[in-house]
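S.K.: Same order as they appear, the protein sequences are chains C and P. Numbering of the first sequence is given in numbering that gives the first Met the number 0, commencing with residue 0 and proceeding in unit increments. Numbering of the second sequence is given in numbering that gives the first Met the number 0, commencing with residue 0 and proceeding in unit increments.
A hint or two may mislead.
[Unchecked claim] The calculated lysine-lysine pairs, modelled on DSS-like cross-linking and capped at a C-alpha distance of 30 angstroms, are:
1) P/Lys799 - C/Lys321
2) P/Lys791 - C/Lys317
3) C/Lys321 - P/Lys803
4) C/Lys217 - P/Lys271
5) P/Lys791 - C/Lys321
6) C/Lys173 - C/Lys27
7) C/Lys278 - P/Lys792
8) C/Lys195 - C/Lys301
9) C/Lys189 - C/Lys135
10) C/Lys270 - P/Lys792
11) P/Lys90 - C/Lys216
12) C/Lys112 - P/Lys945
13) C/Lys27 - C/Lys198
14) P/Lys803 - C/Lys317
15) P/Lys796 - C/Lys270
16) P/Lys155 - P/Lys221
17) C/Lys86 - P/Lys890
18) P/Lys90 - C/Lys217
19) C/Lys209 - C/Lys177
20) C/Lys135 - C/Lys180
21) P/Lys91 - C/Lys373
22) C/Lys400 - P/Lys274
23) P/Lys619 - P/Lys582
24) P/Lys221 - P/Lys92
25) P/Lys817 - C/Lys270
26) P/Lys796 - C/Lys278
27) C/Lys81 - P/Lys285
28) P/Lys209 - C/Lys373
29) C/Lys321 - C/Lys295
30) C/Lys209 - C/Lys188
31) P/Lys796 - C/Lys317
32) C/Lys112 - P/Lys912
33) C/Lys270 - P/Lys803
34) C/Lys113 - P/Lys550
35) C/Lys168 - P/Lys271
36) C/Lys113 - P/Lys912
37) P/Lys796 - P/Lys820
38) P/Lys582 - P/Lys361
39) C/Lys278 - P/Lys799
Calculated from the structure, these hints are not laboratory results. The structure displayed is predicted, hence computed values, not measured ones.
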Amino acid sequence: MSEYAKFTEDMIKTHTILVPNMLPIHFKLIISIFEAEGYKMELLQNSSRSVVDEGLKNVHNDVCYPALLVIGQFMDALKSGKYDLDKIALMITQTGGGCRASNYIHLLRKAVKKNYPQIPVISLNFSGLEHDSALKITPVIFLKLFYAVIYGDLLMTCYNKCRTYEINKGQAEKVLNKWQKRIGNIYRKKSNFYLKLEKISSDILNDFAKIPLSCEKKIRVGIVGEIYVKYSPLANNHLEDFLISEGCEPVVPSLLEFIMYCASGTFNDAKIYDNANTKSHLYRLAYEIIYHQQKKLISIMKKQGSFEPFHDFEHLRKLADKYINQGVVMGEGWLIPAEMAALVQSGIENIICTQPFGCLPNHIVAKGMSRAIKQDNPNANIVAIDYDPGATRVNQENRIKLMLANARR
Amino acid sequence: MSKKLSLGIDVGSTTVKTVISDSDGNIIYAKYQRHLSKVKETVTDQLKIIQADYPDDIFTVCITGSAGLGLANSAELPFVQEVHAAFLAVKKKYPDVDSVIELGGEDAKIIFLTGGVEQRMNGSCAGGTGAFIDQMATLLGITTDELDNLSLRSQKIYPIASRCGVFAKSDIQPLLNQGARREDIAASIFQAVVDQTVSGLAQGRSIEGKILFLGGPLFFLKGLKNAFVVTLGLDEENAIFPEEAPVFVAYGCSLYASTSDDYFRIDEIINKVSKARASDGIITGKPLFASQAEYDEFIDRHKKYDLAYADIHKYKGNAYLGIDAGSTTTKLVLITDDGKILYHHYSSNMGQPLDKIAEQIKRIYNEMNPDIIIKGSAVTGYGEDLIKAGLSIDCGIVETVAHFKAASYFCPDVDFIIDIGGQDIKCFRIKNRNIDSIMLNEACSSGCGSFIQTFAMALGYDISEFSQLGLFAQHPVDLGSRCTVFMNSSVKQAQKDGATVEDISAGLSMSIIKNAIYKVIRANSPEELGQNIVVQGGTFLNDAVLRSFEKEIGRNVIRPAISGLMGAFGCALYAKEKVTAEKSALISKEELETFSYTSRSAQCKGCTAHCQLNIINFGKGRRFISGNRCEKGGGISSKNTIPNLYEYKYNSIVNIVKTHQPKRPVGTVGFPLALGFYEQLPFWHMLFTELGFRVVVSDESSRGMYYLGQHTIPSDTVCYPAKITHGHIENLLNKNVDFIFYPCMSYNIDEGQSDNHFNCPVVAYYPELLLANNPRLNERNFIHPYIDLNVKKNVIKVLKNSLKGYNLRCRIPDALEKAYKAMENYNSDIARQAENIIRQAREEKRNIIVLAGRPYHIDKEINHGIHKLITSLGMAVITEDSVSALARTPKLDVLNQWTYHSRLYRAANYVTKQPDMQMIQLVSFGCGIDAVTGDEVRNILESHGKLYTQLKIDEINNLGAARIRLRSLVAAMEQK
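In isolation and in its complexed conformation, chain C is listed as follows:
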């Protein structure tokens, strides 16, 4: 690997770390964790057309849309004049695996190196891919991140439901803001209160449950797909907002599912290919712990009763087995058909599968599995939507509208 600028110890105090806007709710919480540790961070909000243009200029145009957007968002920010370029670092999440997404960070480094060789790019990963950065994921930070994901998922789920049905516009957003602030403060104060899963979760659920909702029956639409396009409004042209404006309720599976999918992939592969080692055993262990917490969370949600609980992950795995082997671990792999099946099972038969144009794993796991899922569930109403710098909103919306017309039939 070629040389690149490193994020060193002394940069912690001087440098501001820019973070791309992938999951607006989750990432805000995550930033507060790092801020408590003394890092300076900023979530990027730039979303004009120049983000796409910078992406087109700085990465190969056939590289997938998420890479193009993330890199474009960084480059656009760096060129905005807002920042002192000698005091800036960039952070990007990194997953390993056979999908080209594991190359995002390298493509970003390539683009940055050409223009700003001094700017370090930090990898945020949990698989020990890069060790030479001063941004250390200590076990405590790891734990905090894990809880941030859970709280982010809860907020996202409650918020999406409440803002769809709320009688007084804006109430859901208020509650969301309040909780984002509150959890952020818990982390900033370095309090251990974040560990009180039951207390915090029930409070969140109860708070949202207080919002008066209309009893109107709306079409519920599940959103699955490639992780970035699925969650990032920048990438999916504000899909959740669009669905709400069409009188639907968007249902977005939790980020925790994706994390558990990644964790299970390692020990599952070890089983499939008979090459278990310490690493895979550790993953197994970590998975068990996470799964235990997930079950706890689900039971809290069930007990509270106002919101649809998350999919039990072991149940997802069983559902996946009906359609595809859990050995399919590139990109979102078997998780996509499993989530589609789980959504259909819980009565959410209308599904949008979001994917970057030309996404390799999605040929197999999304478009490739639709037929099998529809065969088992004749009412399943699945539409695959491609996202790409050239794809127009009108085209995407028209296809979604067709799906909705089917749903209303």
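Model the placement of chain P on the given structure of chain C, informed by the hints.
M.R.: What follows is chain P alone, placed relative to chain C:
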């Protein structure tokens, strides 16, 4: 008394349809009209006509159609999705229909009614249909009606890529240039539309029973109707083409409206529509010129690069003829000894380049002073071979060389040339007065000159008038920079949002430039292009395009006034340099008087590739044969002895099954000759024959093989090597094997030297997709276990499990050892063969090309015979895997984690150390991973002074672009 009626308004991409139905659902009024992008005005006009006829009635109303969405929203009128509207209409009028196929201006839709209602639309890359046919007609220089009439007199069908208009164009163009019958091309265009519908939309569901056909094209075009009926095997009773087809969707829309209780008087509706405000959702850029003064400066500056002219009637002395037989245009230049222009010509070739050029030469003979001697002539462009043969031109040169010659004439220090023509973008960097690297637009990004032209026509303008409009547009629209199809919908959206024609014109000019800079050249900054840039090609005559280019790169450039003629001018200069004879061999005035030719098509019997040949007979025994990929069909019988590892590898793989088979087999196993099997077949064959199975491999790939499995392809944007696998599976199933064995493999063989050794997602998991989408496959006849060949105990365990029923447990370990050995032997045989080829080539002083791709690129249906094209240029061919073991991985900027791809880096590194070698990378269209590898391989090669050439391949069987690149590469190598 006023009646209660329902009004449906269908606003499509090109037309507006209105229908009024009464309370019983009968159509009592219908109208169909092109809107030429003036959506709101056309709708209002139609409503006014209705107002005159139904002044007192009240209506429930609804809008539908791709361009209707925005209108409905801002006019606050109800909207229904158009496929759903069609569905309602079908339910009412033709309740016994099984499926509906509707082709619109830019959409294709299908509705399945029996066996689970399903409504589908083409995906975002599926290309237009009505617009596609319009484009093709424009390409042929005729109307769609004429196209239809031609198609009815066809004799044969050529394979034309059906995925999108751009692909199809690049299939059709060479056919035209080679003189194929226009009748046949017309019919082939319709067949391509049918194939697209069947493969792109049906996706595994078969179209059967009673079919209803809707939409304008299917109503007006008889040839298209026939093609559908024949392809789907329908009889008269089962193919319904309703009278009301053009307004059918509007009718469904009126039925949807009838369920509403909101009644309006027609003047209320007119009021709402005319008040509808365009949304401000469009993104706009800055005007091209801020002031008239800026424009005047621009015009003056470019006037400097004009040529001197001489009078053809008066001039005496030598003259040189240059011809550029481009893909859509014909360019001719006749120059004097000192480079003055005597005669020039630029026109569309109307699909008949030979006739056009002959006509022009005739004119030159008629007009020129008898004291002019045409000393030399040269031709370049797509039609080079044909013109050279037909009109006895002295020499043919590759386009890049011609353009470089011409550009140097205007700017001796030129270091970057960009040429945007009708169909292609060519860019090249010049270093040390040599062509250093060449960039051509790939099949998908051909948003070039003819694209603006098609748009201008669609909007009802003439091209020069249209581009002029853009010059002073106040808010040019940002239309993105992808392919034509996407651009179509961007334009649609902009129109919907109220952009003016001026803004769209300027926006199109800008997107052509963005396309060129960011997609073709892939430049990060203007500095990368160069100091002295010459722009040329017909498209740059358009001032708006030229200005967009200067603005985008922030630098002034040189555009010669003969911008469109540069290829021809370069040819003339070349002819002047190379002149040896007293007089050009050019066809004489007398010969021209009687010049005629006939063309016919035939199939080459030279080898199993069965190339489609076009034979053009000029009389007196002179003929020109095209369409052949090697020399065999070209009428030359000499045997090609230039060594070619692609041939060798391919033959060893397909012949493996013949090597040995068990005498008393325990069963029959089938392997598809596709994807990973192109490399691992020696392994699996040995393993299974040792276990006592008879091994059957699917037949060799062909276009027919692809069609065989086309109906089971769920994702039409996956790479061609994956798509063709579907055909191989069908082929195997037809061979009655006991089971197909096709393992899933996240990991490939670890060859060391890389960060990991994955397969790409498609190669790794394609069996899962095949099983889920081919109804003939099940868990019993399709065994697809997960295996890691690096972990022996895993392989043993998995095989024991998979072959449970055969009781072979104890034989597996031994068989496996032999299989690993067989794989090793195969690999070393290939490496040895490469050594031999390198030695032989060096003895013969030939250059060697490492044609680098993936194992499955040896499939001749996938590589389209590119390796033969290379040997026909006198160079030897070896593969990436045969030399990758000879070098280490160089320093990379990316994660090197795929086995196949890591070979590319090592092979590239190897090439940098071999003075007589160059590397050409084969990239399958849609291969996302090569978006990562391509730039890296380029870096490795270029940082060592090697040339980087990438050839993108897909189902299109057109080697035109590949030929230009390869010949330019040869020219560049010769100069180095």
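S.K.: Give a verdict on every hint.
M.R.: Evaluation of the provided hints:
1. P/Lys799 - C/Lys321: Given pair P/Lys799, C/Lys321 holds - Cα atoms ~23 angstroms apart, limit 30 angstroms.
2. P/Lys791 - C/Lys317: holds (28 angstroms)
3. C/Lys321 - P/Lys803: holds (22 angstroms)
4. C/Lys217 - P/Lys271: holds (28 angstroms)
5. P/Lys791 - C/Lys321: OK: P/Lys791 and C/Lys321 at ~28 angstroms, within 30 angstroms.
6. C/Lys173 - C/Lys27: holds (16 angstroms)
7. C/Lys278 - P/Lys792: Judged against 30 angstroms, a Cα distance of about 20 angstroms means the pair holds.
8. C/Lys195 - C/Lys301: holds (18 angstroms)
9. C/Lys189 - C/Lys135: holds (17 angstroms)
10. C/Lys270 - P/Lys792: holds (12 angstroms)
11. P/Lys90 - C/Lys216: holds (26 angstroms)
12. C/Lys112 - P/Lys945: The hint holds at about 23 angstroms.
13. C/Lys27 - C/Lys198: The hint holds at about 21 angstroms.
14. P/Lys803 - C/Lys317: The hint holds at about 24 angstroms.
15. P/Lys796 - C/Lys270: At roughly 12 angstroms apart (the allowed maximum being 30 angstroms), C/Lys270 and P/Lys796 satisfy the hint.
16. P/Lys155 - P/Lys221: Within the cut-off at roughly 17 angstroms; holds.
17. C/Lys86 - P/Lys890: holds (28 angstroms)
18. P/Lys90 - C/Lys217: holds (26 angstroms)
19. C/Lys209 - C/Lys177: holds (14 angstroms)
20. C/Lys135 - C/Lys180: holds (25 angstroms)
21. P/Lys91 - C/Lys373: Holds, because 27 angstroms separates the two Cα atoms, which is no more than 30 angstroms.
22. C/Lys400 - P/Lys274: Measuring from Cα to Cα gives roughly 25 angstroms; hence the hint holds.
23. P/Lys619 - P/Lys582: The given pair, whose Cα atoms are some 22 angstroms apart, holds under the 30 angstroms limit.
24. P/Lys221 - P/Lys92: holds (23 angstroms)
25. P/Lys817 - C/Lys270: Holds. P/Lys817 to C/Lys270 sits at ~26 angstroms (cutoff 30 angstroms).
26. P/Lys796 - C/Lys278: holds (22 angstroms)
27. C/Lys81 - P/Lys285: It holds: about 23 angstroms lies between the C-alpha atoms, which stays within 30 angstroms.
28. P/Lys209 - C/Lys373: holds (23 angstroms)
29. C/Lys321 - C/Lys295: holds (26 angstroms)
30. C/Lys209 - C/Lys188: Holds. C/Lys209 to C/Lys188 sits at ~28 angstroms (cutoff 30 angstroms).
31. P/Lys796 - C/Lys317: holds (23 angstroms)
32. C/Lys112 - P/Lys912: The hint holds at about 27 angstroms.
33. C/Lys270 - P/Lys803: Holds, at roughly 20 angstroms.
34. C/Lys113 - P/Lys550: Roughly 22 angstroms between the alpha carbons, so the hint for C/Lys113 and P/Lys550 holds.
35. C/Lys168 - P/Lys271: This hinted pair holds, its Cα atoms lying about 28 angstroms apart.
36. C/Lys113 - P/Lys912: Holds, because 27 angstroms separates the two Cα atoms, which is no more than 30 angstroms.
37. P/Lys796 - P/Lys820: holds (19 angstroms)
38. P/Lys582 - P/Lys361: Measuring from Cα to Cα gives roughly 17 angstroms; hence the hint holds.
39. C/Lys278 - P/Lys799: The given pair, whose Cα atoms are some 27 angstroms apart, holds under the 30 angstroms limit.
In terms of the numbered hints stated before, the structure departs from none.
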